[in-house]
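Student: Each chain is listed here by its residues.
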Amino acid sequence: MSALDILLVILRIAFGAFVPLSFVAVLVWMERRGAAFFQDRAGPNRANVLGFRAGGLIQNAADGIKLAFKEDIVPGHVKHKFYFILAPMLVFITALLCFAVIPFADVLVLGDKHYIMQAVPMDIGILWFLAVVGFGVYGIILAGWSSHNKYGMLGGLRAAAQVISYEIPMGLALVSLLAVYGTVNLTEMAQFQGKLLFGFIPMWGVVLQPLGVIIFIVAAFAETNRTPFDLAEGESEIVAGFHVEYSAMKFALFFMGEYVAMFVSSALIVTLYFGSFQIPWLNTETLVANARPLVILIMIGLPVIGYFFGAWIKKNNRSHYYRENDPRKKETAVYISLLWSLVAVTEIVLLAYLVFAHGGVADRILVALLQIGTFLFKTFLMCFVYVWVRWTLPRFRYDQLQKIGWEKLLPLALLNIFITSAIIVSFG
Amino acid sequence: MLTTYLFFGLALLAVLGALGLIIFKHPMNGAMSFVVTLISLAGLYALLSAKLIFAIQLIVYAGAIMSLIVFIIMFLNIQEKDLPLDPNRWFYVAGGIIVVGPIAGLLINISRTLPATEVTVFDDGFGSVKEVGQLLFTQWLLPFEIVSILLLVALVGAVVLAGKRGVN
Numbered sequence: 001m002s003a004l005d006i007l008l009v010i011l012r013i014a015f016g017a018f019v020p021l022s023f024v025a026v027l028v029w030m031e032r033r034g035a036a037f038f039q040d041r042a043g044p045n046r047a048n049v050l051g052f053r054a055g056g057l058i059q060n061a062a063d064g065i066k067l068a069f070k071e072d073i074v075p076g077h078v079k080h081k082f083y084f085i086l087a088p089m090l091v092f093i094t095a096l097l098c099f100a101v102i103p104f105a106d107v108l109v110l111g112d113k114h115y116i117m118q119a120v121p122m123d124i125g126i127l128w129f130l131a132v133v134g135f136g137v138y139g140i141i142l143a144g145w146s147s148h149n150k151y152g153m154l155g156g157l158r159a160a161a162q163v164i165s166y167e168i169p170m171g172l173a174l175v176s177l178l179a180v181y182g183t184v185n186l187t188e189m190a191q192f193q194g195k196l197l198f199g200f201i202p203m204w205g206v207v208l209q210p211l212g213v214i215i216f217i218v219a220a221f222a223e224t225n226r227t228p229f230d231l232a233e234g235e236s237e238i239v240a241g242f243h244v245e246y247s248a249m250k251f252a253l254f255f256m257g258e259y260v261a262m263f264v265s266s267a268l269i270v271t272l273y274f275g276s277f278q279i280p281w282l283n284t285e286t287l288v289a290n291a292r293p294l295v296i297l298i299m300i301g302l303p304v305i306g307y308f309f310g311a312w313i314k315k316n317n318r319s320h321y322y323r324e325n326d327p328r329k330k331e332t333a334v335y336i337s338l339l340w341s342l343v344a345v346t347e348i349v350l351l352a353y354l355v356f357a358h359g360g361v362a363d364r365i366l367v368a369l370l371q372i373g374t375f376l377f378k379t380f381l382m383c384f385v386y387v388w389v390r391w392t393l394p395r396f397r398y399d400q401l402q403k404i405g406w407e408k409l410l411p412l413a414l415l416n417i418f419i420t421s422a423i424i425v426s427f428g
Numbered sequence: 001m002l003t004t005y006l007f008f009g010l011a012l013l014a015v016l017g018a019l020g021l022i023i024f025k026h027p028m029n030g031a032m033s034f035v036v037t038l039i040s041l042a043g044l045y046a047l048l049s050a051k052l053i054f055a056i057q058l059i060v061y062a063g064a065i066m067s068l069i070v071f072i073i074m075f076l077n078i079q080e081k082d083l084p085l086d087p088n089r090w091f092y093v094a095g096g097i098i099v100v101g102p103i104a105g106l107l108i109n110i111s112r113t114l115p116a117t118e119v120t121v122f123d124d125g126f127g128s129v130k131e132v133g134q135l136l137f138t139q140w141l142l143p144f145e146i147v148s149i150l151l152l153v154a155l156v157g158a159v160v161l162a163g164k165r166g167v168n
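Sequences listed follow chains R and G, in order. Per this note's numbering, the first sequence runs over residues 1 to 428. Per this note's numbering, the second sequence runs over residues 1 to 168.
With the rest of the complex left out, here is chain R (with noise of 0.2 Å):
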């Protein structure tokens, strides 16, 4: 192994495990000001450092900081303590091990080596992602049971139930899925997705399997214990469920768990249902011949991106009341320069790229860097439509969830594989 193996194959890891993380944090921030945003309020707007709050981040590192010292309390009725600190911990390491056969930019090419842009380049692809998430049940069940509590357990064995019957209309959906692209690997399917059908129409999932991807969000709710589909923790009636006697780092744990979960679930349905890092109608090969006039043309966004950003930031970070010394204003003067001196960075390094480096290992790379971008993009797209749902639907009763999974999902998803075959075997 040389020491660019070494380095590629650290960075990857290193994407694998910390994008899950940071994204935590945004989507924690993203749900508050989305919740906010819904119901009409302000969201965090408190919490600051020397007056910074960063929109609304702030309050992040402050939760962190109080779920970090508080006292972990294993309640003394628990008779089971390795099964209740053990629960917590795979329901966090199952979210995150999902993400590593998830790619995020196409195969690099350095020179003669070909490196996969996936945390783990193992070709089961979609296959590890089921075997892993059938363990994050595990650590469900086992918290709801080793709390022995009545919330504890009805919320244990609701999630349970839910998660293996909805695992069953989301591997048929897969099923029809992996017939149109004929592999199981996630690269390739990424690669598939760079295709034209008709020469126009960018052969994205959404595109090919319509059906499919509504039984796949549906099932994937269900699967991160989302809302419509929370009702293992059922605030209204059960308290917080199988995580109601969990304090601490361990509640925290089970609560990074489901945002990881929901990051990584979403960044599934975009590789396999939105074009992953596919950018429309430019795949790898049209990106990494036109990379120049594609850095000129990033070089001319960025600065009218960032004015009407900066425009947008000055317009609503302000008191919305008359104020001495307005400190909001300082405020946004300080982020207005920290934005620019950002593209000011950005346009010199592709200035550089431009003057100095274009051409062969330089355009490879700055696609990866675009792909990865653009894959980010869509994953973090996704997660608002999750954030957008749980703040718009009300939660099914239990009843009504179970009816939906196996009456209607089950025979859609079984409708869809013949339909997609008869489609195949005919036409394909």
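In case anyone wonders, no lab produced these hints; they're calculated from the structure. Note that the coordinates shown come from a computational prediction; the quantities given were computed from them, not determined experimentally. C-beta: ideal position from N, C-alpha, C; glycine also. Among the hints, erroneous ones may be present.
Far from chain G, by Cβ distances over 10 Å, these chain R residues were calculated [to be verified]: (1) Ile10; (2) Ile13; (3) Glu71; (4) His80; (5) Leu208; (6) Trp312; (7) Lys315; (8) Asn316; (9) Pro327.
With a straight-line cut-off of 30 Å between C-alpha atoms, the simulated DSS-like cross-links for lysine-lysine are [what the hints assert, rightly or not]: (10) R:Lys79 to G:Lys81; (11) R:Lys314 to R:Lys329; (12) G:Lys130 to R:Lys113.
If you anchor each label on the Cβ, the simulated ranges turn out as follows [what the hints assert, rightly or not]: (13) R:Pro303 to G:Leu48: 52 to 60 Å; (14) R:Phe52 to G:Lys81: 31 to 39 Å; (15) G:Thr4 to R:Ile6: 20 to 28 Å.
Could you slot chain G onto chain R? The hints should help.
Tutor: Quick look at chain G alone, frame taken from chain R:
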């Protein structure tokens, strides 16, 4: 070199899990140690570069079947006091050792006398989804279909048995 250590680690875990399954009294402990065994077996399959079997072992056995068993243990909330008394336990253990002992000796002898052969590493295609699928649907189509019918029969049987309860 690394694979040898991995093999020993996984094999040790598998045996320990199996021992835990029969030694632990509490059903949840037994089930969880069995999960450890199943996962280590999956690891052993992966070492043999049987990728599809690795995934299926994790999805079906370690994931689906065992989570159903753990779910049932939780659902019925079985505690140690609910278990039947087993006063003759050690008698059965001793009998088991006497019966299994010679067979174990035979197996050890067989593995000792195995001829030493060169180990060849298969290429990437071996054990992957495509290869196994093509083998299953060309050379082994009839057994595959027969197994599918068997599973279908089991499924219908389960539905009939579950549906009978309501009708007298």
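Student: Which hint numbers does the structure go against, in order from smallest to largest?
Tutor: 4, 14
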